[in-house]
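Trainee: Kindly generate the complete structure, drawing on both the sequences and the hints.
Protein chains in written order, with the numbering used here: chain U, 45 to 385; chain V, 45 to 385.
These aren't lab readings, by the way, just hints derived from the structure by calculation. Each hint should be verified, as a subset may be incorrect.
Just so you know, same-sequence chains aren't split out, so a pair can sit in one copy or run between any two.
As the list claims (entries may be wrong) - Below are the EDC-like pairs computed for lysine to aspartate or glutamate, each with C-alpha atoms no more than 20 Å apart in a straight line:
1) LYS332 / GLU69
2) LYS365 / GLU236
3) LYS284 / ASP186
4) LYS214 / ASP351
5) LYS104 / GLU252
6) LYS284 / ASP325
7) LYS284 / GLU328
8) LYS104 / GLU114
2 protein chains.
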Amino acid sequence: MTAKMNRQWRLAARPSGLIQESDFEWREEPIPTPGDNEILVRNIYLSLDPTNRGWLRETKSYVPPVAIGEVMRGGTIGVVEQSHHPDFQAGDIVLGFLGWQDYAITNGAALTKLPVDPALPLTAYLGLFGIIGPTAYFGLLDIGQPKAGETLVVSAAAGAVGSLVGQIGKIKGCRVVGIAGSDEKCRWITEELGFDAAINYKTEPVLERLKTHCPNGIDVYFENVGGKILDAVLSLINIKGRIALCGLIAQYNATEPVPGPYNFRTILTQRVRIEGFIVLDYRERFMKAYEALGRWLVEGKIQYRVDVIDGLENAPRGINKLFDGTNKGKLIVKVSEEPSV
Amino acid sequence: MTAKMNRQWRLAARPSGLIQESDFEWREEPIPTPGDNEILVRNIYLSLDPTNRGWLRETKSYVPPVAIGEVMRGGTIGVVEQSHHPDFQAGDIVLGFLGWQDYAITNGAALTKLPVDPALPLTAYLGLFGIIGPTAYFGLLDIGQPKAGETLVVSAAAGAVGSLVGQIGKIKGCRVVGIAGSDEKCRWITEELGFDAAINYKTEPVLERLKTHCPNGIDVYFENVGGKILDAVLSLINIKGRIALCGLIAQYNATEPVPGPYNFRTILTQRVRIEGFIVLDYRERFMKAYEALGRWLVEGKIQYRVDVIDGLENAPRGINKLFDGTNKGKLIVKVSEEPSV
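Mentor: Have a look at this one:
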């Protein structure tokens, strides 16, 4: 399954609503050759994340938009195939943002070399470490500041970030209620991950169920989705509640302007703090999150799961699983085979 | 002008939209007599504040709603006329919440005795001290955390709180831009109070003018109004911007649900912190604010102005000046004469 050409998805048009395959152009180019101080990396895994959708908008965001004609941006794990750079050698496994393609040439400046640990699958670096773990860790602990005995609500609770947030909340002694999009997900987070309760937002009345499952109100909300769920949470939030704003998946594909929550005034009357964050701002502290997550993983206190789509050609269709809620855990595309150890 | 009866405005109906005089009932009752450990207070000044409107709603807020049939709640300065309480004597001037009436009986527990300072008019305790000063002081400094050289934007900038916020911002070395509702107000805050720029939201395009007056973006926003002005500010807010949410005057009289800002997503992409606050949470630190405000007043670094409506009978009509923007400074009703010193 090692491509003879460099297959790529380049952005062809800015999507309106859900991403269409026709928003991208499939290209096959010759495999490029690295120059001095450059390396050739073959991508093995490609990370698909809700935030990718924001990169396709023309409007201002935390990173520049992907340009029309550019290879689609995406987090990747790859293997160095050729190195003309003193810091890298063939066979090195590297984490970075090399995009939706088989091969990339880079000077390596933005890459992280990964240790090869036989006990840890490579996908763990996208599903638990990488940016997912620090997103959950810093978003919950730095911004949410949960205290033992408080009630934590998490949306997109069976997603890569949300499932970690809930588990960290349990480690910190919170009552944890997750909101997810299927009965299977709800069972997973309660029976396997130890959430105290789960709500299937597709089949259950969210506000009513939150009232039942949060008898002492809500102290911390880890927000991934926005929309009606945010309004339901605001109507139950306690005085001095904290909302860590990590994502707004519910509106990423909107084609019309989306209003903020109707219960916005509650931020005032309940003295709520809402704070948005981008995990890349915490880059210098990532190691702290990795150490804690690694320890909890070894101790059996946290779990994660990955949902692997086979083949780069399926990336544009696959990414919508994040928006229709059909993904089960961290969504990853397998681009090529892992090197045999 | 000392009433022979206890004239009162009692809530008759929950207003829909702007307050109507018919939402209150005018009553004249005998002046009550204090019992043991009680005092009789004659109200001299009544404070009218935007937050009063929220107390008339049936929905959850930071204080219980005023009940139908109850004397309308309001901040007051009064004079003790009879005391059967060891801590008070006739002639004491007291600050509290004795409501829209001439006289009240109280045990004094929720009152603050005011010093009599010939250099300071009594209205200063409603216009600068009382709760106005601490609202501006803690909202700006604790929540907004302005740094020298940053840009601060204030809405309702010629109001009692907003005008102080801008002046404190100047003391702290910020570039300060105020948004107000008349040319006279804009002149006052720039020419008299030292704001760097002012925008008349009734006659100027707010977003365009903000772009002009905030060439380095907006770091801190002190929010009193909500609505379109909040959206304009969000579209120019800098990374790690702070929004102190003090009030949402623009929606207090709404009869339909009001959505939050359309630029809500900017809170995420720019890593903004929005925090609501209620000044009463800072009660134990009020003295700190009073000391600073008193010093700045003496040093000529801050000014305030009061807009006095004559006569308790005019309170229901007068309060709408806060919502149509026709008040000039802290809105106060003169209920009876100050005692001669």
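Trainee: Taking the numbered hints from earlier one at a time, note which ones the structure violates and give those numbers from smallest to largest.
Mentor: Of the numbered hints, 1, 2, 4 do not hold.
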